[in-house]
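> Sequence:
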Amino acid sequence: MDILSSLPLEWVPIYPMNRKDVVFDVFKHHISYKDGLPPYAQARIIDLITNRLIKARQYPTLWVSVDAPGDWYVVEVKRLVKKKIPMTVQPAWKTIVIERNFSQSIHPTYLREGDLPILAPRFDPADYGIKESVLRVLQIMARLKTAYRPEIASLAGFSESHIRNLLKQLQAENLIERRRIGKYEGYAIRTKGLKLAHRSWNIPKGVHFEKHRGEFRYAGERHRRVSRRWRAWLEAAHPNIEILESWTEAPLFYGIPDALIWGRKGEHEILFWLEVDSGHSSKKVMRRNYSHRFQNAYQHAKRLGISIVFCIMGPPWVVRFFPSCIPYLYPNMTIIGQDWRAFGKLPFYETGGWFSGIDNRKKYPTEKPLPFDPSQYPPKPKKKGISTKPKSTKPKYSKGFDDADWWYRGSSEREE
DNA sequence: AGGATCCGAAGCGCAGCGTC
DNA sequence: GACGCTGCGCTTCGGATCCT
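Sequential numbering from 2 applies to the first sequence in my numbering.
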């Protein structure tokens, strides 16, 4: 049938009875943690493929091969995928699967002799004459739609200089274009680029992936920028942490972090969950939101046996208010807070506590008195993340915190 | 008020690094 | 030596601030 020929899968039948005409109808789909997609989006692609398979075959099954170090990514894909047909999600090094590995028992299919399915070829960047690094940038752009260079560099984990070259190549191929976004010139992906990104993820032609692909929520300019540069921020602050991947707005469990970094320290996997809070919602709403999220995050981390570092960023008063939103301190979760203007700086932390990078002694011009007594809340910050001094003490806020960047020196400087 | 100045963000070129 | 990549210095641009 025609549907099959549009699916970039491999056919890897299992012969349970040693008869050529009786098979388990297994299709294999490959994904990688380097695809620029969080597990959630990969799972949605798998669902779309599944739907096609159901239309095309009587008893199809799917074997998803996941190229990823550690456990978290594989486990997340496994958890998020809908298992409408017998399915198995395996790390890429597994080259053989058996019936037991599948989520449900498999109905055998009777095949006419020589009746081999014809499938579309799996994506290979070489076929499109595109280098892997260039493709990576394109895939990131497909999620962002429009972005500034430092944001793209951060998410890709490349230097800005290098990103510049890669963007130039994409531009030469008409896959992206320069466009003015707000105040500055940035980059926007073009339809041609989106199509190629979709092909690179082995998404069947003709399915709608748009709503799963990108960032979900509206975010203010600064909010977005801080989120997108989370990786670069963490790299600058804690260079000893190995970062495996980072995404903005990656759906996790019941919450969507503004940005998520999946990394590790030695063999131990860690999620760095960023929430950027501009402080526009009321304190009551903030409290409610966060106590929920922590409960969920804690359960998730416990189930997976990993640890989570949760970071709240926002204007100083939000970070200072934040401890009152924490119902408990959990043993496998660290909570840190930082002023969202202090790029590249994060407080020192130890697992299980609350640490703030905000200097409590410093007076901020538009500061309102604290609505609570800070001393009634758990551990005090152990180290100040801010070392630079104000250049001026004159208040000059007029339009709110979004414009208040004035007392931080260059963002590239590092402590120690 | 209006021009001068400052500053942060983005951009470019290029030297230089390590790896194959 | 080509390749993939980083670091750094310098320019440009535009908004905010300062000064008269």
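Rather than coming from a laboratory, the hints here were simulated on the basis of the structure.
Don't take every hint at face value.
[As the list claims (entries may be wrong)] Computed cross-link-like contacts, DSSO-like style, restricted to lysine-lysine with a CA-CA straight-line distance of at most 30 angstroms:
#  : residue 1 : residue 2
1  : 95        : 83
2  : 56        : 196
3  : 146       : 193
4  : 95        : 56
5  : 35        : 21
6  : 84        : 284
7  : 169       : 83
8  : 84        : 56
9  : 303       : 284
10 : 85        : 95
11 : 132       : 85
12 : 206       : 146
> Hint by hint, note whether the structure agrees.
Okay, the hints, checked on the actual structure:
1. 95 <-> 83: holds (22 angstroms)
2. 56 <-> 196: Since the Cα atoms of residue 56 and residue 196 sit roughly 24 angstroms apart, the hinted pair holds (cutoff 30 angstroms).
3. 146 <-> 193: Roughly 12 angstroms between the alpha carbons, so the hint for residue 146 and residue 193 holds.
4. 95 <-> 56: holds (28 angstroms)
5. 35 <-> 21: Violated, because 37 angstroms separates the two Cα atoms, which is more than 30 angstroms.
6. 84 <-> 284: Given that 30 angstroms is the threshold and the Cα spacing comes to 40 angstroms, the pair is violated.
7. 169 <-> 83: violated (39 angstroms)
8. 84 <-> 56: The given pair, whose Cα atoms are some 15 angstroms apart, holds under the 30 angstroms limit.
9. 303 <-> 284: holds (28 angstroms)
10. 85 <-> 95: Judged against 30 angstroms, a Cα distance of about 23 angstroms means the pair holds.
11. 132 <-> 85: violated (35 angstroms)
12. 206 <-> 146: holds (20 angstroms)
Consistency note: the structure conflicts with the earlier hints numbered 5, 6, 7 and 11.
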